[in-house]
Every structure is written in structure tokens, then in C-alpha cells.
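First to last, the protein sequences are chains F and B. Take 10 as the starting number for the first sequence in this note's numbering and just add one per residue. Take 65 as the starting number for the second sequence in this note's numbering and just add one per residue.
For the record, the hints were derived by calculation from the structure and aren't laboratory data. Keep in mind the model is a prediction, meaning the values are calculated, not measured. Careful: at least some of the hints might be erroneous.
As the list claims (entries may be wrong) - Per the computed footprint, the stretches of chain B lying under chain F, defined by three or more beta-carbons under 8 Å from a beta-carbon of chain F, are:
| # | segment |
| --- | --- |
| 1 | 94-104 |
| 2 | 348-360 |
Said to hold, decoys possible - The calculated lysine-lysine pairs, modelled on DSS-like cross-linking and capped at a C-alpha distance of 30 Å, are:
| # | chain 1 | residue 1 | chain 2 | residue 2 |
| --- | --- | --- | --- | --- |
| 3 | B | Lys421 | B | Lys361 |
| 4 | B | Lys235 | B | Lys145 |
| 5 | B | Lys81 | F | Lys21 |
| 6 | B | Lys235 | B | Lys413 |
| 7 | B | Lys81 | F | Lys107 |
| 8 | F | Lys16 | B | Lys81 |
| 9 | F | Lys21 | B | Lys405 |
| 10 | B | Lys81 | F | Lys131 |
| 11 | B | Lys383 | F | Lys107 |
| 12 | B | Lys335 | B | Lys383 |
To be verified - Ranges of calculated distance between the beta carbons of each label pair, as one might list FRET restraints:
| # | chain 1 | residue 1 | chain 2 | residue 2 | range |
| --- | --- | --- | --- | --- | --- |
| 13 | B | His102 | F | Gln15 | 33 to 41 Å |
| 14 | F | Gly63 | B | Met320 | 56 to 64 Å |
| 15 | B | Gln77 | F | Asn12 | 19 to 27 Å |
| 16 | B | His359 | F | Asp61 | 54 to 62 Å |
| 17 | F | Asp127 | B | Lys342 | 36 to 44 Å |
| 18 | B | Ile232 | F | Glu88 | 54 to 62 Å |
| 19 | F | Glu55 | B | Ile185 | 51 to 59 Å |
| 20 | B | Ala78 | F | Ser130 | 26 to 34 Å |
| 21 | B | Pro263 | F | Asn12 | 41 to 49 Å |
| 22 | B | Val423 | F | Gln15 | 47 to 55 Å |
| 23 | B | Glu334 | F | Ala92 | 52 to 60 Å |
We put the beta carbon where it would ideally sit given N, CA and C, even for glycine.
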Amino acid sequence: MSNIPQKLQYTKTHEWIRQDDELLTIGITDHAQTMLGDLVYVELPEIESSFDGGQECAVVESVKAAADIYCPVPGEVVEVNDAVIENPQLINQDPYGKGWLIRVRPHDQKGSGLLNADEYSKVVASEAH
Amino acid sequence: MAKRTPFYDLHVQANAKIVDFAGWDMPLHYGSQIQEHHQVRQHAGMFDVSHMGVVDLHGTDAGPYLRRLVANNVDRLMDGKALYTCMLNENGGVIDDLIVYKVADDFYRVVINAGTREKDIAWMKLQSESFDVSLTERTDLAMLAIQGPEAREKITRILPAAQAEAAIALKPFTFAVFGDWFVARTGYTGEDGYEIIFPATDTARLWSACLNAGVVPCGLGARDTLRLEAGLNLYGSDMDETVTPLESNLSWTVIMDPADRVFIGREALEKQKQQGVKRRLVGLVLDGPGVIRNHQKVIVAGDGVGEVTSGGYSPTLEKSIALARVPVDIGAQCFVEIRNKQIPAQVIKPPFVRNGKKVF
Numbered sequence: 010m011s012n013i014p015q016k017l018q019y020t021k022t023h024e025w026i027r028q029d030d031e032l033l034t035i036g037i038t039d040h041a042q043t044m045l046g047d048l049v050y051v052e053l054p055e056i057e058s059s060f061d062g063g064q065e066c067a068v069v070e071s072v073k074a075a076a077d078i079y080c081p082v083p084g085e086v087v088e089v090n091d092a093v094i095e096n097p098q099l100i101n102q103d104p105y106g107k108g109w110l111i112r113v114r115p116h117d118q119k120g121s122g123l124l125n126a127d128e129y130s131k132v133v134a135s136e137a138h
Numbered sequence: 065m066a067k068r069t070p071f072y073d074l075h076v077q078a079n080a081k082i083v084d085f086a087g088w089d090m091p092l093h094y095g096s097q098i099q100e101h102h103q104v105r106q107h108a109g110m111f112d113v114s115h116m117g118v119v120d121l122h123g124t125d126a127g128p129y130l131r132r133l134v135a136n137n138v139d140r141l142m143d144g145k146a147l148y149t150c151m152l153n154e155n156g157g158v159i160d161d162l163i164v165y166k167v168a169d170d171f172y173r174v175v176i177n178a179g180t181r182e183k184d185i186a187w188m189k190l191q192s193e194s195f196d197v198s199l200t201e202r203t204d205l206a207m208l209a210i211q212g213p214e215a216r217e218k219i220t221r222i223l224p225a226a227q228a229e230a231a232i233a234l235k236p237f238t239f240a241v242f243g244d245w246f247v248a249r250t251g252y253t254g255e256d257g258y259e260i261i262f263p264a265t266d267t268a269r270l271w272s273a274c275l276n277a278g279v280v281p282c283g284l285g286a287r288d289t290l291r292l293e294a295g296l297n298l299y300g301s302d303m304d305e306t307v308t309p310l311e312s313n314l315s316w317t318v319i320m321d322p323a324d325r326v327f328i329g330r331e332a333l334e335k336q337k338q339q340g341v342k343r344r345l346v347g348l349v350l351d352g353p354g355v356i357r358n359h360q361k362v363i364v365a366g367d368g369v370g371e372v373t374s375g376g377y378s379p380t381l382e383k384s385i386a387l388a389r390v391p392v393d394i395g396a397q398c399f400v401e402i403r404n405k406q407i408p409a410q411v412i413k414p415p416f417v418r419n420g421k422k423v424f
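Same shape as in the complex, but just chain F (with noise of 0.2 Å):
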């Protein structure tokens, strides 16, 4: 069984948002690392880039497939894990914490739509049928 975080929020294209402060911070899930196998590289955005919310704004791509990154809501991009560029086995390993992709600074602070740990589960549960 993959491993969801009950503090943190989800999108369905497999995306965790962490709340810190007034800043979210990004990566994808512990489903979604399995399922792509060992990411070997990674594109992330130009800092100060700006993003609709579903808008894709990075790429991973494994040794299986290449897979999009939707940026979960609108919103500015602040900082971005450079250490994930040099090595993205990093996402397989620690997917929520040294693995984070992209740090960005929401246009409003609701965050509508996004997905609780429960409701995620139940995303991730769906696909496996």
C-alpha cells in the first residue's frame, strides 16, 4: 500500500501540496513515484514563472515514462529543488520530504479543490481496478 500523508492536500493527477505559512510546497506521491519506477530526470520551472491552476509546470520523467506536473492551484513559483535535478532518485526515495519539486506562492489562499488524505486515497484506490 502506498504511503498518504492525512496533514497533507492532493490533486488527482497525483500531486501533494504541503501548506507552509503563506507558501505551498509541491512534489508528487508515493503512488505516483511507484507506478513511474526510478525517475531519472527532472524539468523544473524558471523561478518567478506564474501558473494557472491544472497548468502544467514540470516534467519527471522515469525510466518508464515521462509525466506531466500540474501546478494545483494559481499561483507563483518562489523556489525549486535543485537537488532533485541532480538526483531524481530522490523523488523515489523520500517522495515527501527530499523530493519535493517546486515551492509557490498561491494567488489566493483558498485552494478549492484540492483533495484530503481520505478523499486521495480512494483516487488511488480507484485505479487500481
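Got chain F; can you put chain B on it based on the hints?
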């Protein structure tokens, strides 16, 4: 219901991630594909390849039948030797690539791909009608590949002493038979190693012997990156019935001498040679960032285009590599269109890696 090899339960016990491959439930990896890849390049790994088809050909016409059936010439084979070849249709298109093992004048064994088994056997039966040869599919046998620089040393701890001694003495592309056991020094990884064909009832015993000798289970994922680094074609990706061996970096497997050996597809290949081969299969090494994927477009100076047939990440080189079918006059550089960007790539003649080392 997917088919399962005799190793299936052992894969599950070893925590394999099981995926469908050509209708078979097969292990993709047992945790990390990249670690399994390095294991084979540096030490020794084992692959369940029992989904492949083992077909025995018996009869006084077995040799003459194969002279006509395949593009490489089995006349070159002595007893105990193996031959890689394509089986072509009348248009020179590749029906499958296979290995022919000559046991005796009236007994050959061929190993065919999993995805083409039914098609191959139907074709082989059809072509056998005017020959004194019988075809038997050996579904009672299983097949395990043990690959890596330590494979020969490990084999002494896996097989009984007399068999191990014979296995160690084998030269590349030769084999030995011990009753129902068949040990060949062949493989699909670009490393030294063996492919063992044996009674399915001995599956668990062989698996534990390998584990005890420190041979690590490896999945289809590592098998694919290893064969790509080794520049070995994958049937269905790098070639199929719409292309000939001459367009697939396999001219070396097509033997035109003697001129009177009439093999299926010969006429079409002669015509293609006469008219000039327009496309060829080359290796690409990505200079820029990204990972090359199958079917991406290759852009060549002038106005030529080609297509990636196998793209991926090379764990040994730590960059992306690919096989691509391109215009025959491609230079040393090209571009690959990756996610709407043109990324520069070097054109090389495969392989990329042999015996653990970069070779281009």
C-alpha cells in the same frame, strides 16, 4: 487471463512488480530497475525468459528446411553452436528474430519471441510442408538467463560439478546438452552469461540455487535498458514485418553466399540492395537534457526525418540513448524532437556499452 511462467509464484515472493508483456504476467522489476541494471553490468543477475518459445525441429530435412526458412545460413553451424538470425516473409520483412541451436544434423532447437509465438509457429509449420521435419513446441521447459561478468564464476555454485565444468568451458554462442538440461553461453544484455533451458519441474530448485549463489532477480525493465545499451534490437519496436534486416542494422545476419541458397525473402533483399537501401537503424546519444522516447521524430540536416524505435535512459552512461530509423545518409549529428523542443544528439553505430564499458 494472462499466461504465467513456472517462475510466477517466485517472482511474487520476491516482491516483483508484475506487468503484462505480450499476454504474460511478467516481473517489471523487484524494487529498482536501475539497481538491477547495474547488478548485471557489475556482478550477475537472472531473468525469467520462459515466456519465449522453445521449438524443437527433428527430421532428416531439419537443416535444408532452416536453410530456406531463415536469412542467416545454418550451414555455418557445427553441432553445439548457436546462430542469431531473422525469419523473413517474401517481401524481406522481419517475421521474427530468433536463435537457432544446432544439436545434430537432424535436431535443431530454435528460441522465438513471446509476442510472436503463435504467428511464428503457424508460419514455420506452413513452410515445413515439403520437408521431412517435425516441429514440437516445448511448453514443458522453462528458461532462465544468468547474465553478468560474474555469471561464469557463479555457475559453479549453481549447476552440478560436471555440468558446471562444461558450462565454463563453453565459448560464446555455443551450448552443451545434459539430458533435459540445455546450457548456452548466449544472452541479451551485452554481458557474458548463460541461457539455461530446463524441465519446468526444476524451476524452484534452480531459482534457489541462483539466489544462494548471489545472483539477483532482474525484471523486464532492466532487460530492456541492458539490451538497448548493448545495441540489440527488440522485435516489435526496432523491427517488424514492414522493414528488412538491411534497414535494421542486421545486414551481418543476412548471408547471400552461396548464391544458390534460396531463402524466403532473398529476392526482395536483392532487389532492395540493387535499388539502394534508403533507411538504416542507428544509435543516438542525447547531448542535451531529457529522455528520448519511442516514436519521437529525428530531424536530420537537409530535410530528412527519422523515427525513434527504442528510446530510454542509459543507467551506465547516465544519459539518454536510442535506436532510430533514419535516412541512410545521416551525418554524425541530428536533433530529436522531445516535447516540442529540438534537442541535439550524436549519431553512433551501436552498441553503446559492451562488457560494462562505453564503446562509441
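Evaluated hints:
1. Using a Cβ-Cβ cut-off of 8 Å, 3 residues of the segment 94-104 of chain B lie near chain F, which meets the minimum of three, so the contact claim holds.
2. With a threshold of 8 Å between beta carbons, the proposed coverage of the segment 348-360 of chain B by chain F holds, since 4 of its residues qualify and at least three are required.
3. For the hint pairing Lys421/B with Lys361/B, the CA-to-CA distance comes to about 28 Å; that is within 30 Å, so the pair holds.
4. A hinted pair counts as satisfied when its Cα atoms are at most 30 Å apart, and Lys235/B with Lys145/B qualifies at roughly 9 Å.
5. Distance restraint check for Lys81/B and Lys21/F: the Cα-Cα separation of roughly 23 Å lies within the 30 Å cut-off, and the hinted pair is therefore satisfied.
6. With a CA separation close to 26 Å, the supplied pair Lys235/B and Lys413/B stays within the 30 Å bound.
7. Between Lys81/B and Lys107/F the CA atoms are separated by roughly 25 Å; this keeps the pair inside 30 Å, and the hint holds.
8. Distance restraint check for Lys16/F and Lys81/B: the Cα-Cα separation of roughly 28 Å lies within the 30 Å cut-off, and the hinted pair is therefore satisfied.
9. Using a Cα cut-off of 30 Å, the hinted pair Lys21/F and Lys405/B holds, with the two alpha carbons roughly 28 Å apart.
10. Restraint check: the Cα-Cα separation between Lys81/B and Lys131/F comes to about 21 Å, which is no more than 30 Å; the hinted pair holds.
11. The straight-line distance between the Cα atoms of Lys383/B and Lys107/F is roughly 23 Å, inside the 30 Å bound, and the hint therefore holds.
12. Distance check on the hinted pair: Lys335/B and Lys383/B sit about 39 Å apart at the alpha-carbon level, beyond 30 Å; violated.
13. Taken as a hint, the range 33 to 41 Å holds for the pair His102/B and Gln15/F, whose Cβ atoms sit roughly 36 Å apart.
14. Distance hint check for Gly63/F and Met320/B: the Cβ-Cβ separation is about 59 Å, which falls inside the suggested range of 56 to 64 Å.
15. A beta carbon spacing of about 23 Å between Gln77/B and Asn12/F agrees with the range 19 to 27 Å that was offered as a hint.
16. At about 29 Å, the CB distance of His359/B to Asp61/F disagrees with the hint of 54 to 62 Å.
17. A hinted range of 36 to 44 Å for the beta carbons of Asp127/F and Lys342/B is inconsistent with their spacing of about 58 Å.
18. At roughly 57 Å, the beta-carbon separation of Ile232/B and Glu88/F lies within the given 54 to 62 Å, and the hint holds.
19. Between Glu55/F and Ile185/B the beta carbon distance is about 56 Å. The supplied range of 51 to 59 Å therefore holds.
20. A hinted range of 26 to 34 Å holds for the C-beta pair Ala78/B and Ser130/F, which are about 27 Å apart.
21. Range check, Pro263/B to Asn12/F: about 42 Å between beta-carbon atoms, so the 41 to 49 Å window is met.
22. A hinted range of 47 to 55 Å for the beta carbons of Val423/B and Gln15/F is consistent with their spacing of about 51 Å.
23. For Glu334/B and Ala92/F, the hinted distance range of 52 to 60 Å is satisfied, since their beta carbons lie about 58 Å from each other.
In this structure, the hints that do not hold are numbers 12, 16, 17, in rising order.
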